[in-house]
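FYI, in full-length UniProt numbering the residues of the sequence shown are 1 to 223.
Everything labelled a hint here was simulated from the structure, so no lab data went into it.
Some clues are possibly wrong.
[Claimed, not checked] Heads up, simulated DMTMM-like pairs for lysine to aspartate or glutamate below, C-alpha to C-alpha not over 25 Å straight-line:
1) Lys51 with Asp39
2) Lys181 with Asp93
3) Lys40 with Asp161
4) Lys40 with Glu137
5) Lys144 with Glu188
6) Lys181 with Asp148
7) Lys84 with Asp39
8) Lys51 with Glu91
9) Lys141 with Glu76
10) Lys84 with Glu70
11) Lys144 with Glu203
12) Lys82 with Asp39
13) Lys51 with Glu70
14) Lys82 with Glu55
15) Lys144 with Asp117
16) Lys141 with Glu194
17) Lys144 with Asp93
18) Lys175 with Asp93
19) Lys181 with Glu137
20) Lys175 with Asp164
21) Lys181 with Glu126
22) Lys209 with Asp187
[To be verified] If you anchor each label on the Cβ, the simulated ranges turn out as follows:
23) Gly62 with Glu137: 23 to 31 Å
24) Arg65 with Asp117: 43 to 51 Å
25) Asp125 with Ile162: 24 to 32 Å
26) Thr129 with Arg65: 40 to 48 Å
27) Glu35 with Pro157: 18 to 26 Å
Note that CB positions come from ideal geometry on N, CA and C, so glycine has one too.
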Amino acid sequence: MSKKEGSCCRHRSLDSSVQTLTRTSSQSAYLHAYEAIRDKILSGELPSGSKLVEERLAKELGVSRTPVREAIRQLEQEGLIKQKRVVNPTESDLRNIFQVRILLEGYAARAAATYMDEASLLCLDECITIGRTGSVEDVMKANKTFHDQIVQASRNPMMIDIIDRMQSIIYLFRKTVVIYKRPGLIDEHEKIYEAIRTHDVDEAERLMKEHLQADLDFCLHLI
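Construct the entire structure; sequences and hints are all you get.
See below:
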């Protein structure tokens, strides 16, 4: 290799390293902006109806407007933001979201009654115990884990992906039923668990659908 060719190779290597570093830095800024804005919404720091101003958020988070814009776009896809404002779900929005959950998680519960292993069953049982004795934050986490374990047991990657992309908006409603202590919430979890444990596929599906319908009715009552 000539001196000139060696120099060109070093330049190409340097350029590639710079591009990789730039991509990594951009991704890190986007993730920081996404998580910060999402957490502000979920915690209530940015309440429903709040207008999101890219320039203000960028300055507050110490990033450029580009990652903030990308973060807002992602949160729009997840249903937390609409037209640059934090969502204030209407009755129609609630019904549409829960209709999807009832269909998918109902089927997931049916599949779980067939496929769920002992370790996952033990996890469901622990979630129920925490649901009866834990703090609000612990109950929130246990509630999410309970439903996530059942969805994972469906063994359907498309279904898992759809539910995963809905997690942020689901969190808002889950927070409502936990904080306002919807009656029967954990009792329903226990019945779903028993149906899955005993491989009663029809009962598991029916109970999950009724459970989510009760969540929906409770949220609608609070609007």
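Structure versus earlier hints, numbers of those that do not hold, lowest first:
Checked against the structure, no hint fails, so every one of them is satisfied.
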